[in-house]
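**Q** Sequence:
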Amino acid sequence: MWFKRLAKKGSAIKGNRGRNYRHIRKTTISGRFIRIFIVIFLIPLLAGGVVSYVIQSEASRKNAITVNHDINTRTNMNLEMMLQGIERVANDIAFNENIQSTLIDYEKSGKAPLSGKMVELKSILLDAQIKTDYLVSNIVLFSYKGFYFTDINFYKDWFNVKDYHFGELLSKSHGENIWIQSHIDKNDTKTGAAHVITLVKKIRVSKGDDMGVTIGYLLINVKESELYKLLHNFDNQSEELMLVGPDSKIISNKDKSMIGKSFDLSQISGKSAGNYFTKYNGVDCLIVYSWMKKTGWYLVGIHDTEIILRDSTQYLYIAIIVTSILFLIFVFIITLISRRISRPIIGLYKQMKKVENGDFDVTFDKHSDTMEVDELIRGFNVMVYKLNNLINEVYEAEIKKKQLEIEVKQADLEALQQQINPHFLYNTLDCINWMASLEGNENVSNMILALGNYFRSSVHRGKNFVTVEEEVKNIKDYLYIQSIRYRFKFNADIKVQPEALRCRTMKLLLQPLVENSIIHGIEPKAGTATITIDISISEDRLIIIVSDNGVGMPPEVLNKILYALPEKGGSIGLRNVLERLKLYYGEDTYKIESVKGEGTAVTINIPCFESTDKI
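Numbering of the sequence shown is given in the UniProt record's numbering, commencing with residue 1 and proceeding in unit increments.
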């Protein structure tokens, strides 16, 4: 059933979503509201609780340590997440199928990719840069041999990545992400003489027989100045904030002249986080630090002790009271609001679970005081209604399609049953033609040739559509045969617009119409009559008019002809032609007009296609 397929597809999408976001901790809307406001007010409340003991300086010192340590830890976490984000971007680039296939082709052929392919690669790198909020200043791809391949910001294209001071480390790596401490990349014209922090990694074949084979290198430069801005945004409490490498070299600092200089790690090494009081540049300071597990770097915050202890105890105590009261009030209010908002959403979620399980006969009639939630409920009901209708329409369309296929097969079978063995017929007609030619009877010979051409076109198997040009040639042969049979009984006038000759139409479309004119219109009439065939194109549609000035027929006779069953061995018949028109082109493709004593006209209006693929 169609709804089961849709439900199954929905479950698959849900599974993919779960895999993509499994690292995100999920919670309810109500819980999220409460948690956000608790976070907003909890930090001031905790700070106020500690500062309430400011009578004792040690309490204030401990409060300062706690607050700044928390900030340092969060800054560390944010920095770790940011670096992880850049690593995810690097992995996306390294495992991108287009990049891998291009590097593989380049290594095999030694020829640079086409310009269109290079534009596509640059687009991938630019998209990667956007994902990092432009924190990344340049992304460079190198070939297997280490030579420049492509980038996003004017990298020197003659440089080999293996010539860097970290080239040996990169060559010995196994595809992992390698972070290089602050250095000046003179090959990166985007950064110039500015310090950069670099991520490098090998690009290796990700699948197939060559999986694991190195095919290139990736270099991502991050400006140290941009990195420091982010650090300062995360931690604006420290008078001085810096990143220090495990070799005691300063990686990032507000004072750029300090980058590359040493910082004393004697009280830090081997510890993951902590703090201590010491003199720094002749001033009593609190040093707060934390270790970054991913890179082995240290995030160090330096705080002036005099500044962090000078806050007024009285004003802070009042602030604590006021903050606590406001906190309780806001928690109470937000709890009420969140529950009021989340209640209809939870009900809507339960209904959506029913839809996910394949039940589309559901509605949600509850309303919310929130306009957005009300619109969400209304949109859900409309979606389910349209989805239900779509399923029914698809189901009905499938049934109609099956019925149409059966009818087409029946029509083809009926037409096939009218055919005769073509090889026996052609051989017999050929013998008669030679006998007539030997006896000098040219009229009989011409008639036999016309008859052979007509049957060759009529009984050709496996070809349901022909060009108008072929159909006109066929009807000319048929008219010639009939003109011999009905000598001096009728004349034929065929007018074909040249542009219409290329159009394709059903085989044996004209013959039953002309045969109907001869049998029912011209044969009963005394004297000579005229059959007119007019074929033209109007607004990309093929217009065919077959008319005669025969005896015409009343409606009851016309209906008898249309709905009479064809006799075995007879022509396919007018009714069969009209049925095939309906099957291939739909309704309203023909019109029959007949006036007793004046004649009959059949008009066919179908699309003009030069190929049967669109029919």
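What the hints contain is simulated information worked out from the structure, not anything from laboratory work.
Keep in mind the model is a prediction, meaning the values are calculated, not measured.
Be careful, since some hints might not be right.
[What the hints assert, rightly or not] Below are the EDC-like pairs computed for lysine to aspartate or glutamate, each with C-alpha atoms no more than 20 Å apart in a straight line:
#: 1; residue 1: 186; residue 2: 209
#: 2; residue 1: 294; residue 2: 80
#: 3; residue 1: 131; residue 2: 87
**Q** Hints first: check each against the structure and report whether it holds.
**A** Here is how each hint holds up against the structure:
With a C-alpha separation of about 38 Å, the suggested pairing of residue 186 with residue 209 is violated against the 20 Å cut-off. Restraint check: the Cα-Cα separation between residue 294 and residue 80 comes to about 7 Å, which is no more than 20 Å; the hinted pair holds. In summary, the hint linking residue 131 to residue 87 is supported, as the alpha carbons are separated by about 11 Å, within the 20 Å threshold.
Of the numbered hints stated above, the single one contradicted by the structure is hint 1.
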